[in-house]
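S.K.: Protein chains in written order, with my numbering: chain W, 1 to 341; chain B, 1 to 382.
Lysine to any residue pairs mimicking SDA-like chemistry, simulated, CA-CA at most 20 Å apart:
no.: 1; chain 1: W; residue 1: Lys208; chain 2: W; residue 2: Asp234
no.: 2; chain 1: B; residue 1: Lys170; chain 2: W; residue 2: Ala308
no.: 3; chain 1: B; residue 1: Lys170; chain 2: W; residue 2: Gly322
no.: 4; chain 1: W; residue 1: Lys84; chain 2: B; residue 2: Gly49
no.: 5; chain 1: B; residue 1: Lys166; chain 2: B; residue 2: Ile145
No wet-lab data here; the hints were simulated from the structure.
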Amino acid sequence: MKRREFLKAAVGSAAAVTCGGVAGSAEARENLKPAPEAVGMLYDSTLCVGCKACVTKCKEVNGMPPEIDGEHKAWDSARDLSGKTHNVIKVFRSGSGQNKDQMKDGYAFEKRSCMHCVDPGCVSACPVTAMRRHDLTGIITHHADVCIGCRTCMTGCPYNVPQFEYDKPFGQIQKCQMCNQAGVERIDQGQMTGCAEVCPTGATLFGKRSDLLAEAKRRLTLKEGEHYLYPRGDLANPSKPHEKAVPDYQQHVWGEKEAGGTNVMHISSIPFDKLGMPPLDERSYASISEGVQHGLYSYMALPAVALAGLTAIVRRNTVAQGDESGMDTDFEHDEKEEGQS
Amino acid sequence: MSHYSSYQAVGTKVLTKSFIFLGVIAAIGIYFMIDRFVNGMGAVSNLNGGYPWGIWVVYDVVVGTALACGGYALAITIYVFNKGQYHPLIRPAILASLLGYALGGFGALFDMGRWWQFYNILLPGNWNFNAVMLEVGLCVFTYIIVLIIEFAPVPFEKAGKAHKLKALNKVLFFFLALGVLLPTMHQSSLGSMLIVMGYKVTPLWQSLHLQPLFAILTALIMGFSVVIFEVSMGTAALGQPSEAPLLSKLTKAIVWLLSIYLLFRFGELAVRGKLGFILDANLNAFMFILETSLFVIPLMILRDEEKRKKGKQLLIAGTCLLLAGSLYRFNAFLIGYDPGPGFSYFPSAPEIMVTLGIIAIEIMAYLFIVKIFPVLHRAEQA
Ligand code: SF4
Ligand code: SF4
Ligand code: SF4
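Excised from the complex, chain W in its bound form (with noise of 0.2 Å):
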């Protein structure tokens, strides 16, 4: 009786265990939501001027020695993120490149860096917790005291961001943590960040991310031609305004929703997918895979049941063929063998 019961849960599990996945979908939890006291960036990629104020500042923030790309000796010319480089700011060009964010022979900048989503794939794939998101700032920070370098974040992060030092023997993973690690806190010292601070334009504006979505939906009301002013540093206390006409900007703030949206949102003239953002939908990868992933867990009715009619199954069985052992060792016969020689 008992053990029918048990073959009966065994079966019912191990079915549950293929078909999870299907119904697993049933039970995906939704995007997580922004942090409650979000900080983050806007990145308007109009007022950007490629100066790389940003990246050298952010150099100095995070001890990050310059990159040499080749035969270039002579300057820091990080092409993309890496092991030594937080932040880069990118060219997008067509045609002739010649006019500032225009899509006939233009060009445009855009800055990469970590994103700071709201639902992170770093945070959500690493095994140890070495991805953290806070849970006022919404800030996320890497742990190298637990990291194991498995470099699951690097292939969860939608945007390429973490980055392993694999030129060292030992090397960590290295990302932008927007300046508030151990040891730099310039967040939680009431200071901006490293990149927003030493923008000229304004074109990096650090604030609370309601208050950067507003103003970015403000700028795509602007009517182009207009003047502006544009606020700079911190959007709670900016310095001097950098005055400048409105360009044709593009009716999307980039980070607002794409995969349970950014901290650090974009806004440009350029469609996003022309400036290498990745294709995205509302839905974050992190929700889905979370879903299907507690899905199995309990759909396997707690591994532990599973285990128990397991067991009860083989035991019967291993008895029933008379291989108490399960490895067909015969303790009888080799006893014999043992007493004849």
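Following the hints, position chain B with the ligands against chain W.
M.R.: Frame of chain W; chain B with the ligands shown alone:
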């Protein structure tokens, strides 16, 4: 009824020419492994910011552990479905699983960027229960220990000390049960790892909620196929008796698993409107067609009553399925993995040598052990 007397060591010379050849490959692999530890991963591999995982993770862990699912597949057959007639196959299968998983675990260790801190994954205070990688890591770690316990009776028997194992004997059924549960969990999780990679996994292989189902089905298919493959190779290379009649029955399970797999696989593509990608003239479409053919050809062979009785046809089908399952995983994790413009990856020569070295070590260990220990099934006495 006991099968004890029917296992014996092969007993031929260990240092054959092919063994020495494997030894050379292993030595080259070990040289580059040391290089990796001394000079960093970049000195040996082509890994980069967009491709953090290369063949070390994908072959050594993702594919390698699936190839090592023979013990798992047989344990289910014998102990869960009570098919005692497959006993003659269990020891070599468990041995191959043990070697495959142990070297997969070793592979994971030298692919781990901060290997000296690996113990952090064993400390419950660090566990992130949302992370699929946690489950994979812990399950694989535990399963290696379970496999060592499952295999323990063999060396004890060799030493004539099997009676010392009476205590283990009383609880081994529990480890056998664990040995069924753990691979079920971590093999399906290996698939789930693809979910959080999102758009980077090409649509033909990004099946989101179905990832665990596909992973577990391909693991089982590969597990049964590897048993067929090993036994057929043993017959050919080590002069072991033919087990074709037994094997042909195992194939029924494969036919079922394959049918379910293909049904869901194409169902997913159809429902999500992705069938069109198969017709694209690109590498992904080509790899998909190749992979699918390798799944379908064996299905044709194994469905045929006559063909599945023939040893040679069985070997062809088994080999195709091993390639198919491996290719499925390679495609999903590497060939169809695209982190965006600006990144490319192809394994470096030293990287390939490390992986070949691991495979060589595995085969050498297998050959060595079956020649010394009673692992293989002896021909029925006339
Ligand atoms: S951009 Fe990448 S590294 Fe930054 S929070 Fe998002 S997932 Fe993490
Ligand atoms: S590399 Fe480190 S931070 Fe990234 S997922 Fe692995 S353990 Fe976590
Ligand atoms: S916030 Fe700090 S670490 Fe991040 S990109 Fe700006 S300066 Fe660099």
